[in-house]
Every structure is written in C-alpha cells, then in structure tokens.
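**Student:** Sequence:
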Amino acid sequence: MSTKINQKDLDKVSINWLYGSQLSWNYERMMGGGYLYSMLPIIEKLYGDDEETKIAMMNMQSQFFNTTPHMGGFILGIDIATEEAEGKQSKDTVSSLKTGLMGSFAGVGDTIFGVLFPTVFGSVASYLALQGNAIGVAVWVLVNLAILVFRFFSVRIGYTQGVKLVTSMSGHLNALTNAATLLGVTVIGAMIPSVINAQITWTFKTGDVELNLQETLDQIMPMMIPALLVGVIYWLLGKKYFNSTRAILAIMVLSILLRVFGIM
Numbered sequence: 022m023s024t025k026i027n028q029k030d031l032d033k034v035s036i037n038w039l040y041g042s043q044l045s046w047n048y049e050r051m052m053g054g055g056y057l058y059s060m061l062p063i064i065e066k067l068y069g070d071d072e073e074t075k076i077a078m079m080n081m082q083s084q085f086f087n088t089t090p091h092m093g094g095f096i097l098g099i100d101i102a103t104e105e106a107e108g109k110q111s112k113d114t115v116s117s118l119k120t121g122l123m124g125s126f127a128g129v130g131d132t133i134f135g136v137l138f139p140t141v142f143g144s145v146a147s148y149l150a151l152q153g154n155a156i157g158v159a160v161w162v163l164v165n166l167a168i169l170v171f172r173f174f175s176v177r178i179g180y181t182q183g184v185k186l187v188t189s190m191s192g193h194l195n196a197l198t199n200a201a202t203l204l205g206v207t208v209i210g211a212m213i214p215s216v217i218n219a220q221i222t223w224t225f226k227t228g229d230v231e232l233n234l235q236e237t238l239d240q241i242m243p244m245m246i247p248a249l250l251v252g253v254i255y256w257l258l259g260k261k262y263f264n265s266t267r268a269i270l271a272i273m274v275l276s277i278l279l280r281v282f283g284i285m
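For the sequence shown, position 35 (counting from the first letter as 1) is numbered 56 according to my numbering, and the numbering increases by one without interruption.
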C-alpha cells in the first residue's frame with residue numbers, strides 16, 4: 022500500500038474536519054476528539070499495520086486542541102505534511118506544532134470569521150432584508166458558501182505550503198487582526214444611523230414657546246440618540262452580569278416605557 026498522501030486523502034480530512042471538528046467538544050480536550058477524527062484516514066494510511074505506532078499517534082492527536090474551526094484546516098495540512106515526511110519520528114514535532122499554531126490561528130480566525138465577516142456582511146444583509154430586499158438573504162447565503170469552500174481547501178493549502186505558510190504569515194498576523202478589527206468597527210459605526218431609529222417625539226412647551234428637543238439635538242450632533250444608545254449598551258456588555266440577552270430585554274422594556282409616556 023502506498024504511503025504517499027494524495028488529494029483524495031486530503032479531501033477526506035477536510036470533510037471530517039468540516040462535519041466533526043466539534044462533535045465531541047468537551048472542557049477537558051475541547052476539539053481534541055474532532056482533530057483525531059479528522060486525522061484518522063492519514064494515520065491509517067501512513068502507519069498501516071503498525072498498531073503500536075497508530076495507538077501512539079492517535080493518543081497524541083487526541084490531546085488538548087482549540088482554535089477557530091475555520092482555520093483548523095491549515096494546521097491539519099501542516100501536520101499531514103510533517104508526518105508524511107518524518108513518519109512516527111514526527112510525534113513530538115507535530116504535538117509542538119499544534120500547540121504553537123492553534124493560538125495564533127485562533128487570534129486571526131476569531132477576528133475575521135467571528136467578528137469581521139458577521140459584522141460587515143451580516144450588517145449589509147440585515148439592512149437589505151429590513152428594506153424588504155431579497156438580495157440580503159442571497160448575500161448572507163453566498164458569504165457562508167464562500168466560507169465553506171475556503172474551509173474545504175484550507176487543508177490542501179496547509180499541506181502544500183507547510184511551514185512556508187506560517188513563516189509568510191507570522192509577520193502580518195497582528196497587522197491583519199488590527200485592520201480587520203478597525204474595518205468592523207467602522208462598518209458598525211456607519212450602520213448606526215441607518216438601522217437604529219430612536220428619535221425624541223416629546224416637545225417642551227411653556228407659554229407660547231415651543232421647543233423641539235430632537236431638532237435641537239440634531240443641530241448639536243445628528244443621530245446623537247442612536248449613537249449614545251449603542252455606546253451605553255456596549256459599555257454595559259463589558260460588565261460581568263450583563264449579556265446580549267439582557268441587553269435585548271432592557272432595550273425592549275425601555276422602548277415600551279418611552280413610547281407609553283410619549284417621549285420617543
């Protein structure tokens with residue numbers, strides 16, 4: 022049996038990772054079980070009937086592992102290339118590679134796939150949907166399909182590029198993370214006046230004098246109320262006992278009360 026890794030083997034790993042990376046997630050080893058499951062086709066091919074080596078490698082592959090699922094394919098590809106080149110002697114090297122890379126890739130992956138993409142494309146899609154435009158749904162579906170394709174091919178990229186991938190990216194990880202964060206914040210800021218509708222409807226009257234508070238605030242800073250609301254909610258979310266669910270409930274209650282009393 023040939024021990025040369027081919028494209029079919031890499032595709033098996035990709036599929037296993039797509040569907041099984043977090044199926045056995047737990048607090049002891051987190052994604053360790055999913056990583057082992059993804060590597061099973063490679064372990065079987067490289068070590069064949071050497072049961073002792075297979076057991077040792079399986080134990081190593083099931084160790085603690087946690088990274089952004091979207092970026093895990095790169096680490097798997099680098100792992101496969103290393104094991105193919107060095108065989109069972111790569112056990113300690115692969116273990117160190119996994120430990121060293123999972124944090125770096127998680128930092129980039131969480132920023133891009135956990136913050137940037139949902140913020141930018143999710144905001145655009147939701148805004149279009151609020152306007153009754155079906156393109157909003159199409160945007161979100163297409164973005165997620167593109168991410169799925171990216172995840173599938175990430176194992177191949179990691180395998181073919183190997184250490185070069187890590188070396189070429191190492192100097193750009195912080196810059197990429199900062200740029201992605203800045204873009205996400207900018208998009209959120211731009212969406213505030215379009216998505217949040219909060220205006221003071223109450224008018225102050227004394228004698229013949231009538232003061233429209235909303236017009237006065239707009240002269241100071243247009244969309245001041247929506248910006249203040251976002252700022253307050255963001256500040257509250259940083260508190261220990263305040264989460265997104267409580268934020269939604271608080272906004273609902275506040276909106277009802279302000280409407281009942283004719284303030285907004």
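Keep in mind that the hints were calculated from the coordinates and are not lab data.
Just to be clear, a hint being listed does not mean it is correct.
Unchecked claim - Within a straight-line C-alpha distance of at most 25 Å, the following computed BS3-like cross-link-like pairs (lysine-lysine) qualify: (1) Lys66 to Lys25; (2) Lys33 to Lys66; (3) Lys109 to Lys226; (4) Lys112 to Lys66; (5) Lys226 to Lys260; (6) Lys29 to Lys66; (7) Lys226 to Lys112; (8) Lys75 to Lys33; (9) Lys112 to Lys33; (10) Lys261 to Lys226; (11) Lys29 to Lys75; (12) Lys25 to Lys112; (13) Lys109 to Lys29; (14) Lys109 to Lys25; (15) Lys66 to Lys109.
Being a predicted model, the structure only gives us computed values, none of them experimental.
**Student:** Any hints this thing doesn't respect? Which numbers, in order?
**Tutor:** 3, 5, 7 and 10
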